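Protein chains in written order, with the numbering used here: chain A, 6 to 483; chain B, 185 to 600.
Calculated directly from the structure, the hints in this document are not laboratory data. Source: prediction; values computed, not measured. Some hints here could point you the wrong way.
What the hints assert, rightly or not - Cβ pair distances, simulated, as ranges:
{"hint": "1", "chain 1": "B", "residue 1": "K383", "chain 2": "A", "residue 2": "D53", "range": "42 to 52 Å"}
{"hint": "2", "chain 1": "A", "residue 1": "I475", "chain 2": "B", "residue 2": "E439", "range": "53 to 63 Å"}
{"hint": "3", "chain 1": "A", "residue 1": "Y169", "chain 2": "B", "residue 2": "E439", "range": "18 to 28 Å"}
{"hint": "4", "chain 1": "B", "residue 1": "Y245", "chain 2": "A", "residue 2": "R138", "range": "20 to 30 Å"}
{"hint": "5", "chain 1": "B", "residue 1": "Y245", "chain 2": "A", "residue 2": "D53", "range": "50 to 60 Å"}
{"hint": "6", "chain 1": "B", "residue 1": "D568", "chain 2": "A", "residue 2": "I468", "range": "55 to 65 Å"}
{"hint": "7", "chain 1": "A", "residue 1": "R480", "chain 2": "B", "residue 2": "G312", "range": "58 to 68 Å"}
{"hint": "8", "chain 1": "A", "residue 1": "N252", "chain 2": "B", "residue 2": "S269", "range": "40 to 50 Å"}
{"hint": "9", "chain 1": "A", "residue 1": "E392", "chain 2": "B", "residue 2": "Y245", "range": "51 to 61 Å"}
{"hint": "10", "chain 1": "B", "residue 1": "E598", "chain 2": "A", "residue 2": "E392", "range": "52 to 62 Å"}
{"hint": "11", "chain 1": "A", "residue 1": "G466", "chain 2": "B", "residue 2": "V489", "range": "38 to 48 Å"}
{"hint": "12", "chain 1": "A", "residue 1": "E282", "chain 2": "B", "residue 2": "D249", "range": "51 to 61 Å"}
{"hint": "13", "chain 1": "B", "residue 1": "K383", "chain 2": "A", "residue 2": "P283", "range": "48 to 58 Å"}
{"hint": "14", "chain 1": "B", "residue 1": "G236", "chain 2": "A", "residue 2": "N258", "range": "48 to 58 Å"}
Claimed, not checked - One side only, chain A facing chain B, incomplete, derived with CB under 7 Å:
{"hint": "15", "residue": "V162"}
{"hint": "16", "residue": "A164"}
{"hint": "17", "residue": "K171"}
{"hint": "18", "residue": "E173"}
{"hint": "19", "residue": "H181"}
{"hint": "20", "residue": "V234"}
{"hint": "21", "residue": "E235"}
{"hint": "22", "residue": "I237"}
{"hint": "23", "residue": "G238"}
{"hint": "24", "residue": "E240"}
{"hint": "25", "residue": "K356"}
{"hint": "26", "residue": "W431"}
{"hint": "27", "residue": "F434"}
We treat Cβ as the ideally placed atom computed from N, Cα and C, and that holds for glycine.
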Amino acid sequence: MKFMIVGSGAREHAIAENAVKCGYDVYSATEIRNPGLLKVSKEIFLTDILNGDAVCNVAKKVNPDIIFIGSEESLFAGVSDALRKEGHSVIGASKAAADIEKSKGFMRRLMEKNSMYGRLRFKTFSNIEEASRYIDEYAGSVAIKPTRQAGGKGVKVIADLQTYLKDEKSAAKKRHVSDIVDQNLSQDLEDPILIEERVEGIEYTLQCFTDGKNIVPLKIVEDHPHAFVEDIGPETGGMGSISGVENNLPFLNEKDFKISYGIVEDVVKAIKKETGEPYFGVLSGQFMLTDKWGPTVIEFYSRLGDPETVNIMPQLKNFDEIVEGMYNGSLSGIKADFEQRATVVKIVAPKGYPNQRDIAKGHLLNIDMDAVRKTGAKVYFGSVYEEGNKYYTGGSRALEVFAEADDIVEANKMVERAIDCISSDWKLFHRKDIGTKALLEKRFDQANLAKDIFHYREERGLIGKTIDWIPGIGRIET
Amino acid sequence: MAGVCGIYAFDEIWNVSRFVYYQLIAIQSRGQESFGMSISDFKKTDSISGKGTIQESMESYEVNDLLGPCGIGGVSTRDVNGYVSNDIAIYFDGSVKITEEAVQKLRMDLANMSEKDAVRSFLDGLSGAYSMLILTKDKMIATRDKLGIKPLVIGGVGFDLAVVASETSALDVIGAELSRDIEPGEIVIIDRHYIEEAKREMEVAPAHCIFEYVYMARIDSKINGIHIHDIRSKIGKMLAHNKPVEADVVIGVPETAIPFAMAYSNESGIPIEIGFMRTGKATRTAIRPTQMERMIGVQLKLNPVRGAVRGKRVVLVDDSVVRGTTMRNIVNLLRKRGAKEVHVRICSPKLVSPCPFGTEVPTKDELIAVENSEEEIASIIDADTFAYINVEELKEALGGDDFCTGCMTGNYPEVD
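The following block holds chain B by itself, in its conformation from the complex (with noise of 0.2 Å):
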């Protein structure tokens, strides 16, 4: 998994690093691992990376130090996708594989030809998902593959600056307003003089990650058209429909499945109430890397409150299941602090099948839905009762058709 993001300042009295690297905190939910961020002064781009977070890895005076009114960044699960030189930064979230030649050939179509014509025939030499942004000198270049599998949106500051994201929240905490989602297969080059917008040829309709909508973006984000927020609301709803039980207490795992676990209540009847205290910062545990990083993950994170859950018959509401081993653990340390019963309610269908498309759903092998019924998985975590939202009532609340649903059904869309 990962975000990107970048500012372009249409003259040069600003200095944007400052403002990328807010962008960075902001989208760093889709990515703790790595970071990396360039400027360009439109004379030369100077980068930075490090492991972890930006705001634990760089000191102040390490950004303020890259000067220019335009700047792009990323952030990611892994090392962060993406190039860097002097003349050509390129950041993106998704799967492809980007080759110092490849780069080479770029930068010299980009001397030789229309912009729009170099950055095509750059794309076409791709293969996989990305939603990408390129800093040359002057010019910053933002595009999503053609089926749109990862977020981008655009917005703006004032008369002033120009803003790309994966997720809304990062136009948000720079005071941007959103202008759009940039579409599947468009390009978008922004330069002093110009914003020029260019659609690929396009023969599929768009596949929008729906992993997105349950799991990765935030819920403050507006992503594809569609409030993040909203959608989790209903399936929360859906699901207290859906699959009802008798019981005390919601409480929902921090922090994804807080606003799930709250629509379950109201749609239910059944109070909420704040079940687990956090020890130690935020962080998501699906995406930490190791099995031996994830439990002291859960563990420091997640400490229930004792008077919630006492004697109680507990919903638990969680926004996804991968292995299993984060969720036996929570509904054990729940047993530990006298719940009577756990039911759990998983906010998104199964996973079944890995990603392709640079989310990191583990292997077959490693996921405990694919020979699991929820039957075998309520005995496995020791809950009472365990259900999870399918495939059919995801699509159902977002409204549509045109996503990708490859991690919870095999079935993924056909990419060039």
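With the rest of the complex left out, here is chain A (with noise of 0.2 Å):
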């Protein structure tokens, strides 16, 4: 079977191998030379893979008896309609079911418009202004985002509980608005902005795949946003992230296991009633374990997450079967099987990422193979391209380190020895706490919390519910 990739990143090498794995040969299309797809793929093809004209030229030579789209921005571009058209088949979904990713506002109007679980408060905006008086008129505690899909980029979560600190707080969201604006992030979006009501709490991402009516959920993995250390720092796209043993994470139960599917599934049915065609790809969720719902939708994607992916492929025993149930049209009857291992991911970064990644770009990076192969984890290219068999670092998320063990803490140690044969003339950074005992335990510790929380609403039934009072309005039920 002849298996074509499309995308450049650590997801997309992921893939890749497990593809070879399951005995596919691998054909890439992608950005740079990733080394890690051109180790694992009979060919690559460098090409604009946000152009549906040049992916379906590659298609064209490769002829693929299947092609799996990786990068989110190839769908947001219509590459799988565009492949579609000239008859191959597509794992990815459309380019208007991939608005549930591309455009927070698409997604929660349709959570609203259909009542879903896991929902939060939220107004778009349409310019700075707009935006700027609604913060002056509620200064309350939120997160303001570019609506677009922007990798992590320009995501701020603001808490105003200290009266004290208002005026600070108002005029830092403001200044947060006008960036948002005026780094275009969220491109040609009619409404760049969204605020909407900031939750806190743990986050962890479902990735399932999907055929429109039959949903195969993958392990569930939490990811870390935050840049540096103690969750410290900026946004990023995600800094590492861990699974456990089952296909559950340690800290959540099986109760959220089944709402955060069942949230899933009900967007799989509303996004079939809004576009009229069956959702057919990956679906992610990105939920929060909040006092509010338990489990809260932040976001989601019409793709594998990434680092997510890397904690999945090399555990999933069954890839071929549902990438040809996914050929065939019917995931029916098909469940994911996986090592019934722990994995820890870690991302290892130039210094600039996040915030200023032009100065992070073109140093090149020193993998010590032999060494890595002997601390039992794996390597898998990201940011990074080839050139005269040397590595250099593209500006984003350089290297996925992955490895498995009988528990994250294990695995976390395989891992941070692999880092340690990693080096480079300029400054890398990576985040040592992910997996380890003490970070786990302050998991532990923050699902409970918000577990207490959401029990006692649960009791007095004000899941979902916000009731406010307001002197001189009075009570105001949302």
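Once you've looked at the hints, go ahead and assemble the two chains, each given alone in its own frame, into the complex.
See below:
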């Protein structure tokens, strides 16, 4: 079977590697000479993966049995539609369906319209003035984001709980709103600014394959969005992720899993109602365990997560069954089969990521592959390109180091030993704390705290409700 | 005594001067004689400083005029510990001396070698205790001496701020989440693009200041992994258990001793009452500089509540006795308001030796416990009975041995 992958990063490297394991011949359509894709592919094609025609041209040459689109931007650009038009079999959401990820406005409206579980109060704004006026009038605790998916860029979560710091926070919020517009983070969207209710808790991702009817959930993975150790620092696309021995995470229970799965199910149905076509590809829910709902939707991905894919793919034993199910048009009766071991993935990023990527570009990376192999860990290549047998950073998250073991703490140790084998004359950083016992304990505490409040709200029938009492106006329930 | 605090915003939409201002208020209990704060806008550093507390001595515009995404500050019972210039600011809690030459060398080293090595070399030149914050134009560096004598914690706010302070109270006040204690001998460098954690060569066990737990730190703080509240409750219970007395009422001397007194009452079953009302604002009498000021401090501060003590046998709980003068005053006040008996219980071990690390324990000839037994002290301060907790009991409550007990034992850890 000929398997073509579209995308340029560690996610695609991990998918392609599993495809090779399934006995497929792998061809890659990619933007950079990713050393991982170079290694596992029969052939790679450097192309503009955001251009449907360009990708169709590659497909024409390869003549693949199935095409897997890894990159969300390709989906947003309608590459899956273009390929399908040419008669190709594609795993990847249509442009219309991928709006669930591309526009958080679309996603929040869809949830609202269908009164879905785990939704949040929100507003979108078409310009800075409107958003600033809103901030002046309602200076609460909010998350301010570009409405469009911007790879983790431009997200601010500002708690406004100290009246004495209100002015400073209000000023920062307004400056941030201007930044979102000035940096054009929402590109072509009509409502570039999203302000939503702030929630707090542990984030986790439930990735699912779906044919629009059947849903195959994968192991739940926890990503770590803060750039630096101890959950400090700017928002990133994710600095590392963990998964447990079981399909669920240790600090989530069966009910959390079921509710999260139910939300994904509802979205698959709602997308069909909205677009008239079944959702065909990958749909991943990025959830947070909050005191408001328990599982609460932060965003959806119309593809596999990055780094979450790297936790999943090396462990997924029946990828071929899923791929061939998709190829035959039905996932009926298929369940994902995983190695029952814990995993840890950590990103190694060059200094400059995420806030000043231009300085993070073009630095030589040295990886002692023999030494890495001895640790039992594996290196997946992200934003790295190969030139004359040498590796250079591309400016974003460079490497994703994976290990599996009997528990998360042990897998972390292996990953750390492997990271010791990586060097550069440019400063590299990674999060030492991910997968340590101390951070896991903190997660249990956070989860329990959220659950205590959640249970109280559940007993009183307050799930998903917000009751405010405003002097002079009275009780407002939303 | 002193305290430090600092904030670093990873992007320039933030102006942190008011954040540092509120942090300084939150660590004010560590020193009310002077304060200073410095803010950098990544180009230059501006500073303000003053006598007293920042709330009393600064107008809001003076604070608001400082603009920038990172800043640090300090409070002290003497002149503020540190160094200020237009490109480097340093504040610390401890006992080291920072010279112009040392800072000049640090400046050069920061330009010529890794920050880690530059800071290591700077610290190698210091002798004594310190929890220190260094603000360069674009970095905030937090470090603790190898023994970890003075506390220092780190945390964060959302995706925006990294926060450091002597005590968690200065994290809570701005809504930050505590991450952890900075470890003894650790250097944490916070930059827009990375946080780097480095350890210095260590061959010594930690020696956390034991006085923090009984006196210095706020009860809502957590330092060196220990909740101050839990320790003070344990000590109160221990005193009730080990130094019992027949009495009608327990009263605590505001503010620090109240939690000890509550625990003493809970354990002994003797009811607790509010025994004193305060006139004027809270000041910590043991750290006012002159004898006269101390007396004024006590009289202004504490007025016994007649109804709570009249005709009763009173257990009077306080956090420490340094010179005994304050205590004698309080006991006399209680007797004049009709207390039948006064039994004094002190929640810290006796102080017998000065502190070389920056805490103002007076010289030996000023310490009442150096040459007087518990019984003798009772007579001096006109109390019926008088008892301390001892160092062993305190260590038992803390559950460990990695403390500096110098002021209570005269045995000091060795510092570089």
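Notebook entry, point to check: Is 48 to 58 Å a correct range for the gap between the Cβ atoms of B:G236 and A:N258?
Noted result: With a Cβ separation near 54 Å, B:G236 and A:N258 satisfy 48 to 58 Å, so the hint holds.
Check: Using the C-beta atoms of B:Y245 and A:D53, is the stated range 50 to 60 Å upheld?
Finding: 55 Å, holds
Next item on the list: May I ask you to test the hint 55 to 65 Å on the CB atoms belonging to B:D568 and A:I468?
Entry: Distance hint for B:D568, A:I468 holds at roughly 60 Å.
Item checked: Hint check for A:E392 and B:E598 - Cβ pair distance inside 52 to 62 Å -> Holds: the Cβ-Cβ distance is about 55 Å, inside 52 to 62 Å.
Next item on the list: Return the status of the interface hint for A:G238: holds when the least beta-carbon distance to chain B is below 7 Å, violated otherwise.
Entry: With a minimum Cβ separation of about 6 Å from chain B (threshold 7 Å), the hint on A:G238 holds.
Next item on the list: May I ask you to test the interface hint for A:E240 with respect to chain B, counting a Cβ-Cβ separation under 7 Å as satisfied?
Entry: 4 Å, holds
Checklist line | Consistency of beta-carbon spacing, B:Y245 to A:E392, with hint 51 to 61 Å | finding: 56 Å, holds
Margin query: Quick check on the hint: A:E235 CB to chain B CB, less than 7 Å?
Written below: 4 Å, holds
Next item on the list: Hold the hint about A:I237 up to the distance rule: shortest CB distance to chain B must be less than 7 Å.
Entry: For A:I237, the interface hint holds, since the closest Cβ of chain B sits about 4 Å away, which is under 7 Å.
Next item on the list: Grab the minimum C-beta distance from A:H181 to chain B and call the hint holds if it beats 7 Å, violated otherwise.
Entry: 5 Å, holds
Next item on the list: Under 7 Å, Cβ to Cβ, is where A:A164 needs to be relative to chain B, so tell me if that hint holds or is violated.
Entry: 5 Å, holds
Next item on the list: Just tell me: holds or violated, for the beta carbon distance of A:N252 and B:S269 against 40 to 50 Å?
Entry: Violated: the Cβ-Cβ distance is about 58 Å, outside 40 to 50 Å.
In the structure shown, a violation is registered for the earlier hints numbered 2, 8, 17 and 26, in ascending order.
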